[in-house]
Amino acid sequence: MWRRHKKCRTLACPVRSDGAVPLSDLGVGEEGEVVCLSGGRGMLCRMASLGFTPGAEVTMVQNLGHGPLIVRVRGARIALGRGEAQQVCVRRRSA
Amino acid sequence: MNSTNPQLPAPTERTVLVALAGQPNVGKSTVFNLLTGLNQHVGNWPGKTVERKEGQFSYNGTTYRLVDLPGTYSLTANSAEEVIAREFIIREQPNVVVAMVDAAILERSLYLLAEMVTLPAPLIVALNMIDVARQEGIEIEPEVLQAALGVPVVPMVATRNVGIRELLETIDGVVNGRIPCTPKAPQIRADHQKVLDEIKTLIDGCVPPPYPPDWVALKLLEGDEEVTRMMRQCLSEAQWQAVQHVLRAHDDALVAVAGGRYEWIGRMIRAAVTHPRPGQIGLTERLDRWATHPAWGLLILAGILGLTFLLTYALGAPLQTLLDRAVVGALADAVRAALAGAPAWLAGLLADGVIGGAGAMLTFVPILVIFFAVLGILEDVGYLSRAAYVMDGVMHLMGLHGRSFLPLFLGFGCNVPAVLGTRVIDSRRARLLTILLAPLVPCTARMTVIAFLAPAFFGRAATLVSWGLILLALLILALAGALINRLLFKGQRAAFIMELPLYHIPNGRTIGLLVWQRTISFLVKALTVILPVSVVVWALATLPGGGTEQSYLAQLGRWLEPVGRLMGLDWRLVVALLTSFIAKENSIATLGVLFGAGDETGLAATLAATYPAATGLAFLVVQMLFVPCVATVAAVRQETRSWGWTAFSVGFLLFVSLSAGTAAYWLARLGGIA
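So the sequence lines, in the order shown, correspond to chains A and B.
Note that our numbering has the first sequence beginning at 325, numbered continuously upward.
Note that our numbering has the second sequence beginning at -8, numbered continuously upward.
Just chain A, same shape as in the assembly (with noise of 0.2 Å):
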């Protein structure tokens, strides 16, 4: 549980600063870069097979500021949990 609470595991990830916000806080439709992802090294495997890596462009699909969310990677749609979405930093793409 500790490693949710560590701010990134990569060292080149403006955390929150620069614009970067969690992917969870994207709206409907809205666009991102991925800047950086943390979790466990199981975690960060699974994330990168599935598309998700630093400079990867996400759109959101599907948001409702509660539960799991559905997020469009690399072609694409991919659901995960709050929690999990939480742990990838993203910088909105002004649109």
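Keep in mind the hints are simulated off the structure, nothing from the lab.
We treat Cβ as the ideally placed atom computed from N, Cα and C, and that holds for glycine.
What you were told as hints is all true, and nothing was included just to trick you.
FRET-style restraints, in silico, Cβ to Cβ:
hint, chain 1, residue 1, chain 2, residue 2, range
1, A, G353, B, A286, 16 to 22 Å
2, A, D349, B, G384, 18 to 24 Å
3, B, L306, A, G353, 42 to 48 Å
4, A, G366, B, V527, 42 to 48 Å
5, A, R417, B, W507, 47 to 53 Å
6, A, P346, B, L661, 50 to 56 Å
7, A, R416, B, G642, 52 to 58 Å
Chain A is fixed; fit chain B onto it per the hints.
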């Protein structure tokens, strides 16, 4: 060596080993079924609860052995499936690996290929679902992709049999060296190239064959647990320390490696994909507006589940009755008639022990087929993950996530497919919890008992009591889930990430084969597990002679009567519970024998006259929550691969059912239901 040695057999056609790999939902099973037909064998990978499918086919006079590797998103050591897939490619060294890729989500889909090109096996890319890609506004030029990858690319629409012939020709060409295969492997992101070289130098000459040294270096950098463990044993202490020193300084390398793969993919996509029209609203998106909607989504799911029940009761139940009378009953009668001259025990053993026990399972086949077919269709269409998504919130309450919902739902048909169905859950912990909870879902066999006994004890209130019992079972399931999760798993919840695949039209052949295989494997298990147990119980109920009342089983029931008394049960009801271990509906048959009732109506009247309503209620509660039947216990053992957890499951349910039964009895008495 003399090649014309007459003692050697003539050169037979050689067998070529082909592996089929790909991410989940890419249409692997469709291609596998197209190539092998019924000439396939389904089992488990040794020591794992991961399905292993293998089949054979011939083409151009060559026999091919086709192995279906588990569907995985990557080849890390994160799951049993991934380890199986990569160990197979490295150790078994297939002559060719067919990597299936989804053209509609090419970018994500190529990730697995980016991992596979670093392994030594020759590759063929099967570019499936080009029709769906076109619908979504994506045009791919296979020749350009082929040139960019350095690997033959075969465009396909497997569901419509398009491209299968070309795939066979390409396999033949690669195996015979006519078609070159020189994959251009992805490079690590530039800022990590030096580190990778450093590790390569450090482990040089120490990597055990057949593992490719470059791949091992990359996996070390990624922090792969299996490879790290392997290399720790192969390296000297000093070498290990040196490697560790480098790795510690670059613990972000995982992201660099993955990033490098996507850069490589990006280059392929830019070259081969024309007219990409991102943002176009496809069919999947339009359907998902309904299917994943918080309100409509639940309604759609409820509709599908309702329809399944309707089908089960309108079609499955009558068929079950028919099978019971026309096949099982008739067979037992025929055996009795044929053995009229033989000793009575022999006829009893065959008719009641063997046919009675195994026949009970046989009658479940129609219901199982319906449930397997519904599951197969939902899976093939791509709806399964949507159901998981909309149920995630509810499943949270019991420490599970959405993926556990459908296996549990299957339990309403029969608990065995529910336990087997937990294989769709990716985390071991969530899977174990679902297996432990599955027997609490009231299956059709238990509902049969309730449907018979509730009217006997409660007359008009029977419907109310039945619904109350179902709600009670589900409430206890939710509470048990929350409790086990908190106490045994310390409240940790597995990560919830899954793909929502594009919808496609279900393939009848794929679903048919799936239902066939699952039904057969259920029957095999039923016969091997249930037959011996049912014979033993029959023997206990018959020996040492002098009728059921004097049997060992009755003696056991009398001995256990003090426990039964807590719930107002006498020895006969205890015996009925004991025999329900073979199959839940046995309790009715047992009571029929013990009361010597002629038919079911007679039995209902006798029971109502013998027992007070409080006892009836307690019996129904215990029956609802009791130890699962032997087939379910066998499935739990098989899927958990642990006698400890199997014993826990049985003990836990025994405790829950007896406590709930006692509580129901005394509450009913206090409440004045005499």
